[in-house]
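Build the full structure now, drawing on both the sequences and the hints.
Those protein sequence lines, which keep their order, are chains B and H. Just so we're aligned, residue 1 is where the first sequence starts under the numbering used here, counting upward by one. Just so we're aligned, residue 1001 is where the second sequence starts under the numbering used here, counting upward by one.
Keep in mind the hints are simulated off the structure, nothing from the lab. Beta carbons are placed, not taken as given, at the ideal position from N, Cα and C, and that holds for glycine. Please note that the accuracy of each hint is not assured.
Claimed, not checked - Here are the computed distance ranges between Cβ atoms for each label pair:
1) H/Arg1072 / B/Asn57: 29 to 39 Å
2) B/Tyr10 / H/Phe1047: 41 to 51 Å
3) H/Pro1117 / B/Lys41: 35 to 45 Å
4) H/Thr1005 / B/Thr59: 18 to 28 Å
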Amino acid sequence: DTAVSQTPKYLVTQMGNDKSIKCEQNLGHDTMYWYKQDSKKFLKIMFSYNNKELIINETVPNRFSPKSPDKAHLNLHINSLELGDSAVYFCASSPQIAGVVTQYFGPGTRLTVL
Amino acid sequence: AQKITQTQPGMFVQEKEAVTLDCTYDTSDQSYGLFWYKQPSSGEMIFLIYQGSYDEQNATEGRYSLNFQKARKSANLVISASQLGDSAMYFCAMRVRKGGATNKLIFGTGTLLAVQP
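In structure tokens:
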């Protein structure tokens, strides 16, 4: 069974559209994240949710809105897509414990905005 | 400022040889964690190894070991007996705390490793 899954794997859309990416984890973790990997492969955190509560928002434009219906799911909705939003978006999760907190990543969603 | 630096954009290694991927970090926190992830051409991010700042011994996981030198703020990844399947991008990351038990990872720019037969 896949630990962290994302759908879709590929997303091609036009500028101005609204799209969503879904993420689910079956690890029983309390914390989930969204990361963006740009064309130069640089990875940067966007959001983090802990038990459905937004904990981290790293100055991401308001067009990006994460939603966590329960602690196993964290979806990312993007409004009015722009060319610069083209990237690979990774979901990750980690246990809510101090000490060793490894983050486990999903397979990524490659978003292409035309 | 908290930062991860990987100075090697790309590296070659012969199959069956060992290779060291460099990583230096900057943080004023006393408690932090260092990770290495592998990203093959298929795109997924695979966790390889973790080192806590208070761990006295270097972490090892199979053919992977982390050469942790706290005074130098370095956390180099050593891959022994390289295999063709090790060809991938490797990212060093540091866990920084952001309130309570929630952590975020900051990543280096990655090193692209090519294993040659």
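Quick rundown of the hints versus the structure:
1. Between H/Arg1072 and B/Asn57 the beta carbons are some 34 Å apart, a value that agrees with the proposed interval 29 to 39 Å.
2. Separated by about 24 Å at the C-beta atoms, B/Tyr10 and H/Phe1047 break the suggested range of 41 to 51 Å.
3. Checking the proposed 35 to 45 Å range against H/Pro1117 and B/Lys41 shows it is violated: the Cβ atoms sit about 25 Å from each other.
4. At roughly 22 Å, the beta carbons of H/Thr1005 and B/Thr59 sit within the given window of 18 to 28 Å.
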